[in-house]
Amino acid sequence: MKSLVRRAFNLLEEAIRLVGLVCVLSVAARLLPRTLALFLADMLAATLLLLPYPGWATVGQMSRVFGNGRLTAVRAAFGWIACPLRDFVVLKRVAYQLERPADWTIIEHNAEGIRQLRKAGTSFIVATGHFTRRAFLGLFSPSITSGRVVDAAGVPPSGRTLRDLRIRVQYKALQNAFASSWDGRGKVVPIGESLASARKLLRELQSPGTIVTLDLDASPPKTAAVLHQTAFAGHANRALATGAVHLAQLAACPIVPCTYALVGNSIVIEWGEPVMVQQDPLHTLDELLKFIEDAVARRPAQYVLDIGRDRRWNTSLQRWHEYTT
Amino acid sequence: MTPLSSIHAQIDSILLAEIPNSSATASFDPNTSLLDQGIIDSIRLVRIVGTLEERFNVSITDEDMIPENFETPACIVQLIERTVGAQKNPG
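Residue numbers (our numbering), protein chains in the order written: chain A, -18 to 306; chain B, 617 to 707.
Quick caveat, the hints were computed from the structure, so don't treat them as lab data.
For each residue, glycine too, the CB sits at the ideal point set by N, CA and C.
Be a bit skeptical, because a hint or two may be false.
Stated by the list, open to error - So these bits of chain B aren't anywhere near chain A, every CB distance computed over 10 Å: (1) Asp628; (2) Asn647; (3) Ser658.
Stated by the list, open to error - Derived coverage of chain A by chain B (criterion: at least 3 residues anywhere in the stretch with Cβ under 8 Å from a Cβ of chain B; other residues may be distant): (4) 34 to 43; (5) 176 to 188.
Given only the sequences and the hints, what does the whole structure look like? Please build it.
This is how it looks when you write it as structure tokens:
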């Protein structure tokens, strides 16, 4: 009975999201001022927050994983639900050329290692995660990734469910914004379906001064020979793709962890230290994932994938641990 | 032309060398499902294709890298046969 009710609410959620994106936010992004279009995205998020799924469930999840009281959990849940909707508005505005990412303020932290790679013209992999798509566009600024940029992007599901349709609408918005920003300097190589994708990326990395961006928190493609099962972002056990570290090993190029976030009116890019993948790629992957996972905990509302309920974030120790109580 | 059995033996040795934990296997059954069983994926294929190109002195294009050509060791044998033939007799 409970699962039937849940499925009914999930269907309602997806219907609201899809209609909201296609009929409300697409139009609002084109015709209304930015603030008003974002307000509509927030209203849509507030509607979803009132539903048992995803609203109350997300509040419970945020409370369980991050603690900090009910009000903070409500705020985090609202932010998490609103993030992809607000992203959609901004991506559409960029695609309609109503705003230019080149006008955004982008700040880098811990960029010393990356500066040396830029200076040397070394090709490298940027290992990142699924954070707010608005800030993701900032990563492709010529001042941040100065060489040729290739985004290795998973392909959206091809099914006919409301969820699959909604994901395709969001994916298209990102691709269109990507093509319209930074004079279309970024190139997309789809991964996951084609057996040639790794070879194409390797070829790109063999060309000097090329940057390939890959999401470490992506689910592995169905055909993946190697999976990495590990605790990640509240999940006790998530299967993750290992392609980024294996590609870095094949290309003998550095891999650099990176997260991005919206802070006030700026995009903040946080770099980790560049590493070379040696004998144990999965050990390197664990270290890179920790960098991404900690960023999820610092700004859960800006993470666009699911956060698990099996582990919690200890704010004072600044680390994840198993949920024991 | 290289005999089919020789191509098969060479492909078998390439797969055994490139796929971890497969050395305990004496050889791959020609009909082993390499993709469905998760034995090879796009990352492993980079190395395998590189070795195939070197060993048989052929060029395997991105368009050739489709599941139908790598589903089983027998499919790889056919791909190499075809590619060697086409590159020896262009047009």
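Cross-check of the supplied hints:
no.	hint	verdict
1	Asp628	holds (18 Å)
2	Asn647	holds (18 Å)
3	Ser658	violated (4 Å)
4	34 to 43	violated (count 0)
5	176 to 188	holds (count 7)
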